[in-house]
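If you want the building blocks of each chain, they are given just below.
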Amino acid sequence: MLGQVAIVGVAQTSGAAGNGRTLEECIHDTVREVLGRAGVTHEALDTIVAASSDQVDGRAISIMLTSGALGGYGKDVLDTPSAGEHALVLAWLRLLTGAYHAALVVSWSGLEVNDLRTVQNLSCDPIFHRQLGLHDLASHGLQAGAYQSRYGVDARAAAQVAAKNRAAGARNPLATLRTPVSAEEVLDSPVVAWPLRELMLPPDSAGVVALVLVSGERAAELGRRGAGRAAWLRGVGWSLDSYWLGQRNLAELTSLRSAAQRAYAMAGLRQPLAELDVAELHDVTAYHELMAYEALGFCAAGEGARLIAEGRTGPDGALPCNPSGGSLSDNPYFATGLVRVAEAARQVTGQAGACQVPGARLALAHASSGFAAQGNSVFILSGEAD
Amino acid sequence: MAMRRVAIIGSGQSRFRFRRDDATYAELVREGVRLALEDAGIGIERIGAVVYALAPDALIGVSNAERWGAEAVGVDKPMMRLNTGGATGISAVQAGFYHIASGLFDVVLVAGADKVGECGHAQVVLNKIWDPLYERALPLNAINMLSLSAVRYMAKYGMTEEHMAMTTVKNRHNAARNPNAHLRDEVTLQQVLDSPTLCWPIKRLDACPQSSGGAAVVLASEEVARKLCPRPAWVRGVGNCAESYFMGDRMGPKAPQDHADATALGHSFQAAYRMAGLSRPAEEIDVAELYAPFSNTEYHAIDATGVCAKGQSVRLMERGHFELDGPFPVNPSGGTQCTNPIAVTAMLRVIEAALQVMHKAGEHQVPDVQTAIASGNGGDHQFFGTMVLSSDPG
Amino acid sequence: MGEKILSRIEKWELTYTHSMGETASHFFHEIKNHRRLVGRRAPKAGRVLMPPRAFSDIDFEETTDWVPVANEGRIESFTIVCQQFPGMPVPPYAIGFVLLDGADTALGGFIRGVDLTEPRAAAEKLKIGTRVQVKYRDKPEGNVLDFWFEPA
Numbered sequence: 005m006l007g008q009v010a011i012v013g014v015a016q017t018s019g020a021a022g023n024g025r026t027l028e029e030c031i032h033d034t035v036r037e038v039l040g041r042a043g044v045t046h047e048a049l050d051t052i053v054a055a056s057s058d059q060v061d062g063r064a065i066s067i068m069l070t071s072g073a074l075g076g077y078g079k080d081v082l083d084t085p086s087a088g089e090h091a092l093v094l095a096w097l098r099l100l101t102g103a104y105h106a107a108l109v110v111s112w113s114g115l116e117v118n119d120l121r122t123v124q125n126l127s128c129d130p131i132f133h134r135q136l137g138l139h140d141l142a143s144h145g146l147q148a149g150a151y152q153s154r155y156g157v158d159a160r161a162a163a164q165v166a167a168k169n170r171a172a173g174a175r176n177p178l179a180t181l182r183t184p185v186s187a188e189e190v191l192d193s194p195v196v197a198w199p200l201r202e203l204m205l206p207p208d209s210a211g212v213v214a215l216v217l218v219s220g221e222r223a224a225e226l227g228r229r230g231a232g233r234a235a236w237l238r239g240v241g242w243s244l245d246s247y248w249l250g251q252r253n254l255a256e257l258t259s260l261r262s263a264a265q266r267a268y269a270m271a272g273l274r275q276p277l278a279e280l281d282v283a284e285l286h287d288v289t290a291y292h293e294l295m296a297y298e299a300l301g302f303c304a305a306g307e308g309a310r311l312i313a314e315g316r317t318g319p320d321g322a323l324p325c326n327p328s329g330g331s332l333s334d335n336p337y338f339a340t341g342l343v344r345v346a347e348a349a350r351q352v353t354g355q356a357g358a359c360q361v362p363g364a365r366l367a368l369a370h371a372s373s374g375f376a377a378q379g380n381s382v383f384i385l386s387g388e389a390d
Numbered sequence: 041m042a043m044r045r046v047a048i049i050g051s052g053q054s055r056f057r058f059r060r061d062d063a064t065y066a067e068l069v070r071e072g073v074r075l076a077l078e079d080a081g082i083g084i085e086r087i088g089a090v091v092y093a094l095a096p097d098a099l100i101g102v103s104n105a106e107r108w109g110a111e112a113v114g115v116d117k118p119m120m121r122l123n124t125g126g127a128t129g130i131s132a133v134q135a136g137f138y139h140i141a142s143g144l145f146d147v148v149l150v151a152g153a154d155k156v157g158e159c160g161h162a163q164v165v166l167n168k169i170w171d172p173l174y175e176r177a178l179p180l181n182a183i184n185m186l187s188l189s190a191v192r193y194m195a196k197y198g199m200t201e202e203h204m205a206m207t208t209v210k211n212r213h214n215a216a217r218n219p220n221a222h223l224r225d226e227v228t229l230q231q232v233l234d235s236p237t238l239c240w241p242i243k244r245l246d247a248c249p250q251s252s253g254g255a256a257v258v259l260a261s262e263e264v265a266r267k268l269c270p271r272p273a274w275v276r277g278v279g280n281c282a283e284s285y286f287m288g289d290r291m292g293p294k295a296p297q298d299h300a301d302a303t304a305l306g307h308s309f310q311a312a313y314r315m316a317g318l319s320r321p322a323e324e325i326d327v328a329e330l331y332a333p334f335s336n337t338e339y340h341a342i343d344a345t346g347v348c349a350k351g352q353s354v355r356l357m358e359r360g361h362f363e364l365d366g367p368f369p370v371n372p373s374g375g376t377q378c379t380n381p382i383a384v385t386a387m388l389r390v391i392e393a394a395l396q397v398m399h400k401a402g403e404h405q406v407p408d409v410q411t412a413i414a415s416g417n418g419g420d421h422q423f424f425g426t427m428v429l430s431s432d433p434g
Numbered sequence: 123m124g125e126k127i128l129s130r131i132e133k134w135e136l137t138y139t140h141s142m143g144e145t146a147s148h149f150f151h152e153i154k155n156h157r158r159l160v161g162r163r164a165p166k167a168g169r170v171l172m173p174p175r176a177f178s179d180i181d182f183e184e185t186t187d188w189v190p191v192a193n194e195g196r197i198e199s200f201t202i203v204c205q206q207f208p209g210m211p212v213p214p215y216a217i218g219f220v221l222l223d224g225a226d227t228a229l230g231g232f233i234r235g236v237d238l239t240e241p242r243a244a245a246e247k248l249k250i251g252t253r254v255q256v257k258y259r260d261k262p263e264g265n266v267l268d269f270w271f272e273p274a
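Chains G, R and Y are the protein sequences, given in the same order.
Using our numbering, the letters of the first sequence map in sequence onto residues 5 to 390.
Using our numbering, the letters of the second sequence map in sequence onto residues 41 to 434.
Using our numbering, the letters of the third sequence map in sequence onto residues 123 to 274.
There's no promise every hint is true.
[What the hints assert, rightly or not] Quick list of in silico lysine-lysine cross-link-like pairs, DSS-like style, CA-CA up to 25 angstroms:
1. Y/Lys154 to Y/Lys249
2. R/Lys196 to R/Lys400
3. Y/Lys261 to Y/Lys154
4. Y/Lys166 to R/Lys294
5. R/Lys294 to Y/Lys249
6. R/Lys196 to Y/Lys247
7. R/Lys294 to R/Lys196
8. R/Lys117 to R/Lys267
9. Y/Lys133 to R/Lys168
10. Y/Lys249 to R/Lys196
11. Y/Lys249 to R/Lys350
12. Y/Lys261 to Y/Lys247
13. R/Lys294 to R/Lys350
14. R/Lys267 to R/Lys350
Hints were generated in silico from the structure; no laboratory data involved.
Assemble the whole structure, with the sequences as input and the hints as a guide.
Pasting the structure below:
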């Protein structure tokens with residue numbers, strides 16, 4: 005039987021870096037804010053796990069300079085540059101050992117680099133893919149195209165996802181894009197990488213997200229065991245698919261399916277659509293939310309379009325997805341996946357403000373990384389301790 | 041709740057060289073993985089999760105190259121990567137340890153590789169680790185950062201250039217007995233002293249090479265380890281401690297620590313000893329494999345283990361105390377000074393400690409080892425990971 | 123396979139615009155306008171941080187006020203770089219960390235005005251404790267090359 009771990013504080017600074025402050029200053033402010041919210045002192049932290057991208061940050065070992073900002077002096081500091089959400093996974097594993105009781109988890113993306121697409125292109129091996137000009141967006145276009153043609157998905161379904169999320173994002177004070185768009189506007193926006201249109205894509209945002217995790221024991225000491233007083237990690241799954249796009253089934257989010265299976269098994273979840281109250285999904289494009297519905301078992305393969313058309317993932321549906329507006333409204337690139345967890349934690353603790361889904365108790369957060377969503381993680385959060 | 045026991049049951053490492061043009065990065069990772077799985081006597085299907093060790097991406101010229109390397113460790117498994125600079129390799133093994141100690145997994149693979157030779161000169165990349173506001177233009181790099189430490193250690197404890205050379209002579213002697221080491225030619229004290237100055241007082245033969253190759257470790261839960269491995273290396277303690285970032289903060293009368301020393305490494309060892317239940321390191325530890333990329337840094341690393349008082353390592357080195365057949369052998373593999381594939385350098389420290397405990401170190405085996413320690417340093421002498429391995433599960 | 127192994131040359135082309143923030147910006151404005159160095163006080167330990175930072179990582183607290191420090195101080199550490207690294211200055215050159223009078227942490231910069239052709243002899247002239255003065259370039263540009271140290 006695994007131990008209990010709870011998220012007792014989240015903080016997020018949006019549009020932070022590049023705003024006349026140094027990246028380190030923005031991180032430091034967010035860390036102080038999250039510790040305050042969690043009611044956990046800096047002294048009480050016994051592990052710090054960050055996740056950062058050296059190439060996004062323009063710091064060859066980004067954790068060096070940022071460690072001080074995290075309060076890392078004299079502490080146990082690790083960094084997981086594979087994905088923002090992996091910092092949370094590692095902190096959770098450490099707390100499960102019983103040897104640690106309070107963890108700080110932080111990820112960020114500044115916008116100090118001239119072009120994120122160039123950074124992404126550097127993820128290509130130099131032999132077969134680099135010269136093709138492949139980057140996240142192009143790989144997501146390949147994937148959306150494969151999905152669309154495999155299941156005959158109408159572009160309108162993706163446009164409806166974008167319209168739903170942008171309407172939600174308009175209510176989120178932390179979002180970069182706060183103006184709603186209609187499905188027609190989405191369909192009329194220019195093609196960026198077929199079949200992806202401009203309004204189906206996330207913006208480039210800057211931001212820092214921080215979470216404080218504690219052991220069940222520490223949560224009790226902090227008086228956070230009551231319903232809605234903390235977000236308990238009930239299931240976690242993460243997985244990495246093949247790098248080679250040519251040998252993957254691009255029409256499916258394979259590693260998301262296996263990450264979800266692991267997380268559901270751990271949380272004892274059998275009917276996610278019925279049992280979950282809210283989901284925060286990492287939309288690398290609007291099409292990917294449809295694909296995520298299927299990989300997460302909200303519907304059968306190829307049925308994602310029907311789910312959005314029926315409004316079942318809308319604000320009044322059975323399972324509202326991305327009430328925060330999701331990554332189509334705010335996208336601090338490397339940290340976006342961890343922002344989904346922060347939003348889910350806000351939902352199950354009733355702190356989501358204007359984005360709150362009434363009575364949300366059980367939430368799913370999804371995070372994605374790499375070309376054509378190569379890596380995926382799933383977190384099941386509950387507002388109840390047991 | 042008692043933590044689950046975890047052991048190293050297998051390891052693999054390339055024969056390291058300056059360049060490996062015959063293989064891509066991902067293929068080098070595979071090389072280490074194949075050797076480690078063979079050593080552990082298991083197939084990839086037994087691996088429940090993977091931890092990847094990759095330090096600055098720029099050294100191999102591929103961003104998030106762990107994604108490219110996914111194939112090498114088995115697709116559709118839980119995988120994450122660690123990066124704490126030079127400490128990455130030991131941080132990754134520690135992360136693997138947590139995967140199992142948490143109760144979630146039974147067998148975990150920790151793997152990585154480096155092709156430092158492909159980035160041209162590592163120090164050009166390593167200039168970009170510094171603060172872009174105050175330090176990068178100077179220009180700092182990993183060599184002069186530790187020259188600055190050497191100068192302070194000399195002033196504080198009387199270390200000389202000859203003392204630095206003694207470390208190299210010892211480590212090259214050991215590396216000559218380690219078929220996987222990169223620099224395997226023995227050298228004399230005079231050769232070290234006569235080698236060209238890089239950043240005074242560090243000379244070419246005080247410095248580590250840039251190496252290419254792969255390495256991997258297989259960790260297992262107690263149940264699996266007992267089944268598969270006749271003499272596993274039990275992970276008895278892990279420690280981690282970070283220093284402040286700015287080197288200038290480690291100088292002057294009000295500094296809480298000194299850039300001459302490795303204070304946070306000392307704290308890290310203390311944490312690992314506490315977990316392992318060690319209180320008299322000099323008597324309880326049989327061999328130490330310490331991350332020391334330059335000859336001078338071996339001294340403050342030894343001091344930090346607590347086997348002697350600060351600065352006393354210099355006197356003990358004069359008397360052969362740390363040699364392969366001495367009372368407290370340090371870096372029986374030849375250490376980082378002889379082999380430095382940055383992403384996995386600190387993993388090699390763990391692998392060597394494990395080989396010593398498992399009595400599989402061949403010509404560089406220290407007799408009768410039961411308990412060994414390993415360390416890794418990363419950042420600007422900033423992140424310090426440590427481990428205690430033992431043949432006794434405790 | 124015995125065939126020639128091929129290779130490709132790849133150059134990374136990225137440009138970063140690193141925001142300096144208010145604190146570091148002020149430090150460089152002071153150099154430009156007044157030829158003086160200013161530090162920031164970290165109240166808990168009473169230390170004056172040089173170079174100045176908005177927060178002290180050691181104390182995990184915000185710095186509170188500006189403290190001008192002297193244009194002279196003592197060498198806390200140094201190195202003499204004798205090897206050419208691509209894209210970096212032509213050796214030999216000396217980098218030093220100097221504890222300026224009135225500051226509690228050491229500031230990095232070039233040390234000039236010492237003959238470096240023989241490193242061991244130069245090391246004697248630069249040894250820890252040597253007093254140095256801060257010199258400024260005629261037209262400061264807002265980076266750490268605006269100042270350097272010379273033996274007093």
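Quiz item: Tell me, which hint numbers fail for this structure?
Solution: 1, 2, 12 and 14
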